[in-house]
Amino acid sequence: MFTCTGYAATSADTRLEPFAFERRDPRADDVEIEIVYCGVCHSDLHQARNEWRNTLYPCVPGHEIVGRVTRVGAEVRDFKPGDLAAVGCMVDSCRTCTACREGLEQYCEPGFTGTYNGPEQGTGANTFGGYSSHIVVDRHFVLHVPEGLDLAGVAPLLCAGVTTWSPHAAGVRAPARRSASSGWAASAIWA
Amino acid sequence: MGVKLAHALGAHVVLFTTSPGKEADARRLGTDEVVISKDAEQMGRHAESFDLIVDTVAAQHDINAYLGLLKRDCTLVQVGAPEKPLDVNVFSVIWRRRNFAGSLIGGIAETQEMLDFCGKHGITADIEMIPIDQIETAYSRMLKSDVKYRFVIDMASLPKAA
Ligand SMILES: [Zn+2]
Ligand SMILES: [Zn+2]
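Which chain is which? The protein sequence lines are F and L, in order.
In terms of the working numbering, the first sequence has 120 at position 120, counting the first letter as 1, and numbering is strictly consecutive.
Counting from 1 along the second sequence, just add 1000 to a position and that's the residue number in the working numbering.
A couple of the hints might just be wrong.
[To be verified] Result set (DSSO-like, lysine-lysine): computed pairs, CA atoms no more than 27 Å apart in a straight line:
| no. | chain 1 | residue 1 | chain 2 | residue 2 |
| --- | --- | --- | --- | --- |
| 1 | F | K80 | L | K1144 |
| 2 | F | K80 | L | K1120 |
| 3 | L | K1038 | L | K1084 |
| 4 | L | K1144 | L | K1084 |
| 5 | L | K1084 | L | K1148 |
| 6 | L | K1038 | L | K1148 |
The hints are simulated quantities; they were obtained by calculation from the structure and are not laboratory data.
Turn these sequences into a full structure, and let the hints steer you where they fit.
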């Protein structure tokens, strides 16, 4: 274990404050990332304030994480210290259900492990998110960040970005789109 | 974010908004047309014309007004989550066999695909950087919708020892 610094809410009606906590040292398949930027999502606020009535405290929000790899486990081949890396809304899933086998971890049947608020697979323990100095995540849930992009502007891609990407990408692939006579139109609705 | 990505994917992007003030910004992000959703005449001009509508609105709104803008067999994907149930007029979907769907984030492979796409096309989000001790102020501003771009915390601002 090693000590991280971060920001946490300790109850629904307290402000987020500096918070020190322990994370596991990287296991064989883990990647340790020093966090450079973390996006702020509306979910962070809902969770910190217990608006979904399921918050585990202390709550360290943040699931739009970008940073640099600092350590990797013995089995990790695709990341090395110094690499850019990112983590989004999930840090684990059951890996065996139909959804997981199809690469749809977000629809994991027993439920994926959130980057914050857990529940950790097997133990149900809390997880601590990106408002922190480091994070340790299984390599399957760590993303490569292309070089040359503005790193701070990459952070929101990990939740807000992929949320709007997924319906569009599915739309591009769907047969109905190919047969649409006049190309395709998309619309994003903003309040 | 949706506008930039849809635009780069080659879509003709129409943005629906309640606030006319967003128009210049929307165009800069890649919007082809901006529609003021409260204007029935503007909405009517787009009837039965969309292959896909991605609805990011978390506030209560009339979903049927948007379902009617879809072509036959096309889909409105809800990603914003209003607190109370939305009223769907089933004729909106029976008529033209439309789909009202939902979607949650994306899978890991799909997320990587998106990041690689963004790398290739030079796409990033427009952001407002904050130090972490301003997080509560950022939350208050989000609640008041006083935020133009996504907030991003500069982790270098984290105190070394808590
Ligand atoms: Zn989020
Ligand atoms: Zn699963």
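task = Quick one: which hint numbers does this structure break? Sort them smallest to largest.
result = 1
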